[in-house]
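Top line first, the protein sequences correspond to chains E and L. Residue numbering for the first sequence follows this note's numbering, beginning at 41 and increasing consecutively. Residue numbering for the second sequence follows this note's numbering, beginning at 452 and increasing consecutively.
A few of these clues could be false.
Pair by pair, the computed Cβ-Cβ distance ranges are [what the hints assert, rightly or not]:
#1 E/211 - L/542: 52 to 60 angstroms
#2 L/518 - E/143: 45 to 53 angstroms
#3 E/207 - L/550: 44 to 52 angstroms
#4 E/248 - L/550: 47 to 55 angstroms
#5 E/160 - L/469: 46 to 54 angstroms
#6 E/43 - L/485: 37 to 45 angstroms
#7 E/144 - L/492: 30 to 38 angstroms
Treat the hints as calculated values from the structure; they're not laboratory data. We treat Cβ as the ideally placed atom computed from N, Cα and C, and that holds for glycine.
Chain residues, written in single-letter form:
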Amino acid sequence: MLKGLIGKKIGMTQIFDESGAAVPVTLIEAGPCYVTQVRLPEKEGYSAVQLGFGEAKPKRLTGGQLGHLKKSESPPLRFLREFRINLSEIKVGDMLTVDMFGLGERVDVIGTSKGKGFAGVVKKYHFRGGSKTHGASDRVRAPGSSSATTTPGRVFKGTRRSGHMGSERVTAQGLKVVLVDAERNLLGVNGAVPGSRGSLVMIKDARKQ
Amino acid sequence: MIDLDKNFNTTKNPNIPDLFPGDSVSVHVRIKEGERERIQEFKGTIIRLRKGGNNTNFTVRRTASNGIGVERTFLIHSPRIDKVVVERHTHVRRAQLYFLRERTGKKAHLKQKFD
């Protein structure tokens with residue numbers, strides 16, 4: 041059975057468990073998702089389902105998008121994402137909601153991390169930087185040496201340098217489901233989830249159970 | 452999008468009245484010792500209130516023996532809080548009463564406010 045949804049990160053808060061301890065929770069507005077296409081090994085070469093999420097005004101979508109969604113008789117949807125699964129009883133046009141997840145289950149949440157722009161090595165790779173004192177006023181966040189001398193005479197590929205950081209796909213693995221509210225399409229997972237508030241996330245069954 | 456502050460708040464404990472900085476309060480906390488549950492009181496002055504949905508909390512300061520100050524922060528939505536009794540409101544001119552930390556005895560006294 042498919043365990044996957046598309047959602048929107050709402051933000052973090054805390055709830056209390058049975059023993060009264062505060063649990064940090066990320067709330068996700070998950071689903072309802074519609075199965076917009078089923079990809080078959082015979083036809084596409086692999087098996088997956090395409091889910092759609094986020095109702096939009098029809099005029100916001102292109103004719104091609106509307107035509108594609110019409111095939112599955114789903115409403116106009118803003119986001120489409122694919123989930124690789126071994127096909128089972130899933131059909132085009134099915135609606136999926138949060139109640140597929142139970143309390144205590146482990147899930148992976150995939151999102152796009154917050155962009156940090158052009159970042160130095162101290163922020164990006166946790167380099168130590170240089171000394172603040174001993175006359176080294178301009179080496180505080182410097183990367184230090186990037187290679188050796190005549191041998192090898194070059195900088196090895198893959199050496200960690202400053203550059204763009206963030207806004208990349210990140211998976212938060214094995215998060216515990218602590219809240220399921222089918223009425224409000226709310227899913228709460230223990231801990232943090234990549235991305236800013238309002239960003240799109242994919243929720244899947246945990247890979248490492 | 453669902454608004455975090457508006458749509459996701461656990462119901463407030465009805466045994467906690469409105470609290471203000473400077474209030475003399477007695478906080479009744481449920482404490483589990485093995486199987487038994489008992490209630491412990493913590494009496495003191497509220498020196499700070501922090502709002503923020505489910506994370507709303509307040510800090511109570513009391514002077515223990517030998518004039519040593521003890522501060523404890525409570526989460527308003529925590530099920531471990533049984534009730535809060537406000538003994539008196541006081542007249543204070545700021546939101547955070549950190550100046551009380553440097554004061555002892557009569558100097559740490561706050562004037563009672565009568566509504």
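Verdict for residue 144 of chain E, residue 492 of chain L (Cβ pair) under range 30 to 38 angstroms: holds (35 angstroms)
Status of the given 44 to 52 angstroms range, CB of residue 550 of chain L versus CB of residue 207 of chain E: holds (45 angstroms)
Residue 248 of chain E paired with residue 550 of chain L, Cβ distance criterion 47 to 55 angstroms: Distance hint for residue 248 of chain E, residue 550 of chain L holds at roughly 52 angstroms.
Residue 485 of chain L and residue 43 of chain E - C-beta distance against the hinted 37 to 45 angstroms: holds (39 angstroms)
Status of the given 46 to 54 angstroms range, CB of residue 469 of chain L versus CB of residue 160 of chain E: About 48 angstroms separates the Cβ atoms of residue 160 of chain E and residue 469 of chain L, which means 46 to 54 angstroms holds.
Supplied distance hint 45 to 53 angstroms, evaluated on CB atoms of residue 518 of chain L and residue 143 of chain E: Roughly 48 angstroms apart at Cβ, these two residues keep to the hinted range, so it holds.
Beta-carbon spacing of residue 211 of chain E to residue 542 of chain L - inside the hinted bounds 52 to 60 angstroms or not: holds (55 angstroms)
Of the numbered hints listed earlier, not one is contradicted by the structure.
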